[in-house]
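The chain contents come next:
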Amino acid sequence: MRLVNIRPGRQTRFYLLALPFLLVAIAYFAGSSARLAQNPNDKLLPALPSMVQAVKQMAFEVDPRTGSYLMASDTVASLGRLGSALLISTVAALVLGIVIGLLPGANALLGPFVSVTSMVPPLALLPILFIVMGLGENSKIALIVIGTLPCMIRDLAMKVQELPREQIVKAQTLGASTWQIALRVAMPQTLPRLIDVLRLQLGPAWLFLIAAEAIASDSGLGYRIFLVRRYLAMDVIIPYVAWITLLAFLIDVGLRVLQRKAFPWFASVRAE
Amino acid sequence: MSAIRFDDVWKEYGDHIVLERITMEVEPRAFIALVGPSGCGKTTLLRMLLGEEQPSRGQILVDGKPLPGEPDADRGVVFQRYSVFPHLTVLQNVMLGRELRDAKFSARLFGAARRAAADDAMKLLAEVGLAGQENKYPSALSGGMQQRLALAQAIMRGPKILLLDEPFGALDPGIRADIHLLMKRLWNETHLTVVMVTHDLSEAFGLATRVIALERSRNRPEERERYGATVSRDLEIFPRRSAELRSPVQPAPAGTTRSGKEHQPGRPGALVLKEQP
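Chain order of the listed sequences is A and B. According to the numbering used here, the first sequence is numbered sequentially starting from 160. According to the numbering used here, the second sequence is numbered sequentially starting from 84.
One thing to keep in mind: the hints can contain errors.
[As the list claims (entries may be wrong)] The calculated lysine-lysine pairs, modelled on DSS-like cross-linking and capped at a C-alpha distance of 27 Å, are:
id, chain 1, residue 1, chain 2, residue 2
1, A, Lys318, B, Lys243
2, B, Lys206, A, Lys318
3, A, Lys420, A, Lys318
4, B, Lys187, B, Lys243
5, B, Lys206, B, Lys148
6, B, Lys148, A, Lys420
7, A, Lys202, A, Lys215
8, B, Lys243, B, Lys206
9, B, Lys243, B, Lys148
Note that these hints are calculated values from the structure, not bench results.
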């Protein structure tokens, strides 16, 4: 049978899915135990028990200096920044994307500008943000917004322009004004696509968050990783990276579920 | 119920002439079928009527007044595809016209007004044979049902003119026959002037009161850009159909068409349209 025709069953699919994760884990722990056998004080590839110990200390024991659970307070700080930045980006992208996508005049005015700003490397702006806005929360949130917003606007405007022309004409023959077309035709059909765009921007958003926290911060997941890096504390860094990955994965799954539940009509439209 | 007048209408895209010398009168409550080979400008003519495109020369008058430059609620439309909104249920699709008319800002109705609109929409849905489907999304409907929905949606808003752009072209023959009966009934029971673009001649002669063929008078490759299509045949269906007649109208048997205002010599009923390669 040709490879293109072989479809794995349910069970096979599960094993295949688990295989790469398993291989990475095996490679890690093989390397770890080999290094630790040579030098029990090796810090580069810590064994599972020392990572568990570190997590226990970070997540479940009160830090004597700050009086808080470090992992929890880091997570809250990071998710707060990420959430408020993505909220700003999402709302602004929705409004501007619809305006640019629907109105040819707005497209002529803002389309090229948005394309150009989306080419600006956001990290290069970080010093400017720190100088202008200080080292507080605002500059970090601004970095994430600047990093994600132009791409979101551009993608979303394109999605609005991809709505069949027939629909816009049809709405006009039903007497719709521009405002009504935006409200009843463009926006409801843009919302599920906004979730797609947001999911694509989650990666860059995390990148900018960790970068901003690494450079100037006193809390957050990125701050912690770069702080303990000074002590080669791989037993903290690796669980933190795994935790960030899990958070990003859960947010992505959550958005996908939201899309399916809130917009049941969208799956068949996308299949077309 | 509106009369339409084309007054020496031309449509050009740059050097390319698509339509030329279109002059005709459409009486109120007529059912016009526009036929012709593909690429002859039938759809362009319909889009000009819709207001989506403007004539390069000449003008189109509706009830003596020049056509507004953009689509409006006086002219309903059903396209071959994408005529209904995929994010609204069947009932919401039909109610949309009423909501857009009565709620300028929110474009939504609430309370008693909503119930009244829903009642009217349900009656119309039953009329077009979609009772029991009201809570489905259009993607769950067959092609024929989607076009019934598109008709109901357009009629709910009460247009004076209904424009149909190959609305039944993608449907199976059996389903198409059913929807033809519906179309005739809707035309009889409303006050619509209908203009339908079709490539199906039996559909044109079966439904319309008048069949208008668009064709290029010159078709040599070097002439194609510079000579547009124009009305080559203007055939009134005989025996004469009119909207007030409630009896079911049979498709006219062959040879009973009578050539009305003929622009080019040709035998009555000997209408031959070739699809261009």
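Lysine 148 of chain B and lysine 420 of chain A: Cα distance at most 27 Å? Not OK: lysine 148 of chain B and lysine 420 of chain A at ~49 Å, beyond 27 Å, violated.
Hey, lysine 206 of chain B versus lysine 318 of chain A, does the alpha-carbon distance stay inside 27 Å? Violated, at about 35 Å.
Take the C-alpha atoms of lysine 243 of chain B and lysine 148 of chain B, compute the straight-line distance between them, and say whether it is at most 27 Å. Judged against 27 Å, a Cα distance of about 14 Å means the pair holds.
Run the distance test for lysine 318 of chain A versus lysine 243 of chain B: straight-line Cα separation, threshold 27 Å. Outside the cut-off at roughly 33 Å; violated.
Given the hinted pair lysine 420 of chain A and lysine 318 of chain A, is their Cα-Cα distance within 27 Å? holds (21 Å)
For the pair supplied as a hint, lysine 187 of chain B and lysine 243 of chain B, is the alpha-carbon distance within the 27 Å limit? holds (21 Å)
Lysine 202 of chain A paired with lysine 215 of chain A [C-alpha distance capped at 27 Å]: holds (18 Å)
Hinted pair lysine 206 of chain B and lysine 148 of chain B, Cα distance within 27 Å: violated (34 Å)
Regarding the pair lysine 243 of chain B and lysine 206 of chain B, is the alpha-carbon distance no greater than 27 Å? OK: lysine 243 of chain B and lysine 206 of chain B at ~20 Å, within 27 Å.
Taken one by one, the earlier hints fail for this structure at numbers 1, 2, 5 and 6, listed in ascending order.
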